[in-house]
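Dock chain B against chain A, hints included.
Protein sequence lines correspond, in order, to chains A and B.
Under our numbering, the first residue of the first sequence is numbered 76, with each subsequent residue one higher.
Under our numbering, the first residue of the second sequence is numbered 48, with each subsequent residue one higher.
Among these hints, one or two may not hold up.
As the list claims (entries may be wrong) - Label-pair restraints from in silico Cβ distances:
| no. | chain 1 | residue 1 | chain 2 | residue 2 | range |
| --- | --- | --- | --- | --- | --- |
| 1 | B | A137 | A | A211 | 31 to 37 Å |
| 2 | B | I204 | A | K225 | 23 to 29 Å |
| 3 | A | Q203 | B | G120 | 36 to 42 Å |
| 4 | A | R243 | B | P241 | 34 to 40 Å |
| 5 | B | A137 | A | L223 | 18 to 24 Å |
| 6 | A | G111 | B | E141 | 44 to 50 Å |
| 7 | B | A244 | A | H110 | 52 to 58 Å |
| 8 | A | L223 | B | L263 | 24 to 30 Å |
| 9 | B | P285 | A | V206 | 25 to 31 Å |
| 10 | B | A159 | A | L146 | 33 to 39 Å |
| 11 | A | L223 | B | R124 | 29 to 35 Å |
If you're looking for bench data, these hints aren't it; they were derived computationally from the structure.
Note that the structure is a prediction, hence the values are computed from the model and not measured.
Ideal Cβ placement from N, Cα and C applies to all residues, glycine included.
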Amino acid sequence: MTALALYWLFLRVVLLSFSGFATVPLLRESLVLDHGILTDTQLNDAIAISQSSPGPLGLYVVVVGHFVAGLPGALAGVMALATPAVLATPISRLLLRGNAGTLQGACSGIVIASCGLMVITGIRLAPQAAVTPWHAVLIIVGAVLLALTKITPVWIIAAAAVLGLVLR
Amino acid sequence: MWFLICLVCSAKPFDGCHHILNAEPPGLAGTDSGRASRGAAAQPRPVSILIFVETRVASSDMDGPAHSRSALGAFLRASSLHIGAAAATASLREELVRDHGLTPQDVDAAYAVSRVTPGTNLLALYALLGHRLGGWTLAVKAIAVGSLVPASVAVLIAILYSRSTSPIIADVMAWARAGGVAVFLGAAIRLLRPQLADHPRVGAVFAFAAILAAWLLPVNLCAVLVIAGTAGAIWLRPR
Chain A
76 MTALALYWLF LRVVLLSFSG FATVPLLRES LVLDHGILTD TQLNDAIAIS QSSPGPLGLY
136 VVVVGHFVAG LPGALAGVMA LATPAVLATP ISRLLLRGNA GTLQGACSGI VIASCGLMVI
196 TGIRLAPQAA VTPWHAVLII VGAVLLALTK ITPVWIIAAA AVLGLVLR
Chain B
48 MWFLICLVCS AKPFDGCHHI LNAEPPGLAG TDSGRASRGA AAQPRPVSIL IFVETRVASS
108 DMDGPAHSRS ALGAFLRASS LHIGAAAATA SLREELVRDH GLTPQDVDAA YAVSRVTPGT
168 NLLALYALLG HRLGGWTLAV KAIAVGSLVP ASVAVLIAIL YSRSTSPIIA DVMAWARAGG
228 VAVFLGAAIR LLRPQLADHP RVGAVFAFAA ILAAWLLPVN LCAVLVIAGT AGAIWLRPR
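The following block holds chain A by itself, in its conformation from the complex (with noise of 0.2 Å):
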């Protein structure tokens, strides 16, 4: 896949999704399943590492891209990022014009489909990274916490790393 139709693919996929890992589904569906350019391992990789660097939660689509085409690849990725960045502040106009409330129904409508399809995502992902029981440990507890407590992503994934120094 050229890194031009791969920017194509991420744009599409960004411009449906309201929040960072909502484009998983998406890029999963599109790459994994159709293309079959990527693995649900890189796919968790690419999660992973994207957890592990500075930056939104989005950026994962571009170590999807390195690995699918390496460097324009990524660059692809970055580029598909930053397009719907530029359109806010138009948006920001439309909200003031006073079509805010059907706007937000319709960003209500695709947030909690987009959650459904990320629930369904994960537990298609989670079999591929829960290699051994104590690994499906840390998928089930790691989400519970995140999910009823305020804990920020980033100690999960570093709790997760030094089980793997410790464990091995």
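Here is chain B on its own, set in the frame of chain A:
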């Protein structure tokens, strides 16, 4: 430094100018709501309209190269020293309020808008605040530093990981992968909770329908989101 001035007579509103409360925001010119607002000229405008007027004036007032560089530094520090949007937003808010004349309400308003724009919320926030402080030039620069710097770090880690043959790195990465799935699932629930609090019944139906569609039907997930957005515009819009 920046200040609010009247769009009609360029005077400060508290220096004898009364236009500011009657001024029509640029977005409403010629619209029905704009005409309605002229009919109620004596009514004070909502705060958000004033902020918007303030933004347009402030943008042109903040174009000094030194100020732009300093603001760009704040965006750079926020994006390169913090993991995740929450920490970066908090740091940026503190710096822009302390050194660049924005109020906490300005940053919060931009944050609220960034949440309803498609794509990465943090980059949208950078664009809005950059535009406010230095127009489109600073907005584009803020997006560039906010995405390129952390992306370079992530790609560097990915390259090091791909080239590593160390079993220690492989073990750590296997656990980090499990942690990544945990974070992903936790993020989904975190994102869903406030939406379900706002729309308990309809929201639950939407989430359940999306799960069922993705699980059982051979449908394109983009189509699921487009349908959810259309249905949300009808059934989830605030009354």
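Exercise. Among the hints numbered above, which are violated by the structure, and what are their numbers in rising order?
Worked result: Violated hints (numbers, rising): 7 and 9; every other hint is consistent with the structure.
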